[in-house]
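Participant: Listed below, chain by chain, are the residues.
Number of protein chains: 2
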Amino acid sequence: MPALTRVPRGSLTDQVIDQLRERIVGGQFPVDQRLPVEASLARELGVGRSTVREALRVLVHAGLLESRQGDGTYVRARHETDAALRRRVLKADVINAYEVRRAMEVEAARLAATHRSAADLARLHELAAARDDAAGPESYRRADRALREHVVECTGNPLLGDLYRGVVDPLRSAAAGLVDEVDLVRDDPARPETADLVRAIADQDPRAAADAAARHMDAVLRVLTVMLQAAPIRRHS
Amino acid sequence: MPALTRVPRGSLTDQVIDQLRERIVGGQFPVDQRLPVEASLARELGVGRSTVREALRVLVHAGLLESRQGDGTYVRARHETDAALRRRVLKADVINAYEVRRAMEVEAARLAATHRSAADLARLHELAAARDDAAGPESYRRADRALREHVVECTGNPLLGDLYRGVVDPLRSAAAGLVDEVDLVRDDPARPETADLVRAIADQDPRAAADAAARHMDAVLRVLTVMLQAAPIRRHS
Chain A
1 MPALTRVPRG SLTDQVIDQL RERIVGGQFP VDQRLPVEAS LARELGVGRS
51 TVREALRVLV HAGLLESRQG DGTYVRARHE TDAALRRRVL KADVINAYEV
101 RRAMEVEAAR LAATHRSAAD LARLHELAAA RDDAAGPESY RRADRALREH
151 VVECTGNPLL GDLYRGVVDP LRSAAAGLVD EVDLVRDDPA RPETADLVRA
201 IADQDPRAAA DAAARHMDAV LRVLTVMLQA APIRRHS
Chain B
1 MPALTRVPRG SLTDQVIDQL RERIVGGQFP VDQRLPVEAS LARELGVGRS
51 TVREALRVLV HAGLLESRQG DGTYVRARHE TDAALRRRVL KADVINAYEV
101 RRAMEVEAAR LAATHRSAAD LARLHELAAA RDDAAGPESY RRADRALREH
151 VVECTGNPLL GDLYRGVVDP LRSAAAGLVD EVDLVRDDPA RPETADLVRA
201 IADQDPRAAA DAAARHMDAV LRVLTVMLQA APIRRHS
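For the record, the sequence lines run as chains A and B. For the first sequence, UniProt numbering assigns the number 1 to the initial residue and increments by one for each residue that follows. For the second sequence, UniProt numbering assigns the number 1 to the initial residue and increments by one for each residue that follows.
Pulled out of the complex, with its shape left as it was, chain A reads as follows (with noise of 0.2 Å):
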């Protein structure tokens, strides 16, 4: 396979940026952090403040960094996948991104059921009841998330993983209210498609755990559908 970046080589802008790259995606620099100030970095690095300088923009570009005015750079994202599916999907509808995601949980949860091992079932079992014991709304989404997350994991399918939390993760940040509302209707315990999907990649049954799948994203839909209507301007786009 070719680089598929090449720029002219030696340039030492271009190795600055493969530091900074390297650091971010090795998690040295982890999301949210602030980066240190260019003098520091230009000092730590051994070039000048204007190299420094070029290579923070190229990685904004990249959707890697985020300068904020009068404040500092931050890490934004640790891949450029990432950062770019975020972009994309902060400018899709919001039905439209939710239909992208119906797609990866229905075959996360077909390939989950193919694919899982007897640890992967383990944990499954523990996130589940993790998900059943949950006290008050936060606790029950961060452990729904986590067992959906988990569900993905056990596909062995790392693509899918990331094009999954490229798509998923971006909805939750910013159309957090409405995402929340949403994974509280989630939480309705007469709904038994997270259950029926659970059992479904325990008895290794593909086609069961698919349909478990499609039936929770189907109602989620409803939910969010009804929900756009009575507030449309939350709507994207």
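No wet-lab data here; the hints were simulated from the structure. Some hints here could point you the wrong way.
Intra- or inter-copy, both count: the list cannot distinguish identical chains.
[Claimed, not checked] Dumping the calculated SDA-like pairs for lysine to any residue here, alpha-carbon to alpha-carbon at most 20 Å:
id : residue 1 : residue 2
1  : Lys91     : Arg165
2  : Lys91     : Ala146
3  : Lys91     : Arg21
4  : Lys91     : Arg172
5  : Lys91     : His79
6  : Lys91     : Gly26
7  : Lys91     : Leu228
8  : Lys91     : Thr225
9  : Lys91     : Gly156
10 : Lys91     : Asp18
11 : Lys91     : Pro158
12 : Lys91     : Asp132
13 : Lys91     : Glu22
14 : Lys91     : Arg53
Given the coordinates of chain A, assemble chain B onto it according to the supplied hints.
Facilitator: For chain B alone, coordinates are given in the frame of chain A:
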């Protein structure tokens, strides 16, 4: 929604970046076209060559442009989502990428059956006829591709369309030989999935449409798995 990639205002480089980006997104600089040389861009935009050089560097790193040593700068992708997805998909396992493609083809079929207009359906029938009449593998593949992309268009979900192309296009261009062979196997006239898909979309039957798309992708994945076992070296990563 706040601007997500805000950079210090008034920077000349940022203005040049925005102008070049607009021409790429707007299609005035189409994919695979070579850009005018630095001096000519600088003259046209009324800025210095070093400003142009810095802007080009940012767009190379964003994946929109590609600098080919001793040749020039070419447009590599029209959108940053495309560019970032392309990089990610090219690093992924081929089977994983096809699993993601399956998720999107199935959901697209389901939504197309629900949302397609009368004009969409007329076009779908045209494309299906062109596929049936295709002479030779190359024109068959082109027709098959046009039909599947049209199904995604029928959903009225542009986010799904972007992600679909972002996953499928790099698979086509990177693993061209492999994908071509898979596509040829798809050509088996004894396999009725595509006719079923078209009929289900015509009948506005989302369940039958999703089922036909799923059977099609399962057949493709079976072929792909056998081929990768025969030639494991062609598997990505």
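Participant: Are the hints correct? Go through all of them and say.
Facilitator: Outcome of the hint check:
In the homo-oligomer, the alpha carbons of Lys91 and Arg165 lie at most 20 Å apart both inside one protomer (16 Å) and across protomers (17 Å), since each shortest distance falls under that limit. Taking the closest pair of Cα atoms, Lys91 and Ala146 never come within 20 Å of each other, the shortest separation being 26 Å inside a single copy and 26 Å across copies. Taking identical chains as interchangeable, the C-alpha atoms of Lys91 and Arg21 lie at most 20 Å apart only when they sit on different chains, with a minimum of 17 Å there against 25 Å within one chain. For a Cα distance limit of 20 Å, the shortest separation of Lys91 from Arg172 inside one copy, 14 Å, qualifies, whereas the shortest one across copies, 27 Å, does not.
In this homomeric assembly, Lys91 and His79 come within 20 Å of each other (Cα to Cα) both inside a single copy, at 19 Å, and across copies, at 13 Å. Taking identical chains as interchangeable, the C-alpha atoms of Lys91 and Gly26 lie at most 20 Å apart only when they sit on different chains, with a minimum of 17 Å there against 28 Å within one chain. Taking the shortest Cα distances, Lys91 and Leu228 sit within 20 Å of each other inside one copy (16 Å), while across copies they are farther apart (38 Å). For the identical chains of this complex, Lys91 and Thr225 are intra-copy neighbours only, at 18 Å inside a copy versus 37 Å across copies, given an alpha-carbon limit of 20 Å.
Only between protomers do Lys91 and Gly156 lie at most 20 Å apart by alpha-carbon distance; the minimum there is 15 Å, versus 29 Å within a single protomer. In this assembly of identical chains, the alpha carbons of Lys91 and Asp18 lie at most 20 Å apart only when taken from different copies (18 Å versus 29 Å within one copy). In this assembly of identical chains, the alpha carbons of Lys91 and Pro158 lie at most 20 Å apart only when taken from different copies (10 Å versus 25 Å within one copy). Within a single copy, Lys91 and Asp132 get their C-alpha atoms no closer than 34 Å, and across copies no closer than 38 Å, so neither meets the 20 Å cut-off.
Taking CA atoms no more than 20 Å apart as the test, Lys91 paired with Glu22 passes between copies only; the shortest distance there is 16 Å, against 28 Å inside one copy. In the homo-oligomer, the alpha carbons of Lys91 and Arg53 never lie at most 20 Å apart, since the shortest distance is 28 Å inside one protomer and 29 Å across protomers.
Figure legend: structure checked against the earlier numbered hints; hints not met, in rising order: 2, 12 and 14.
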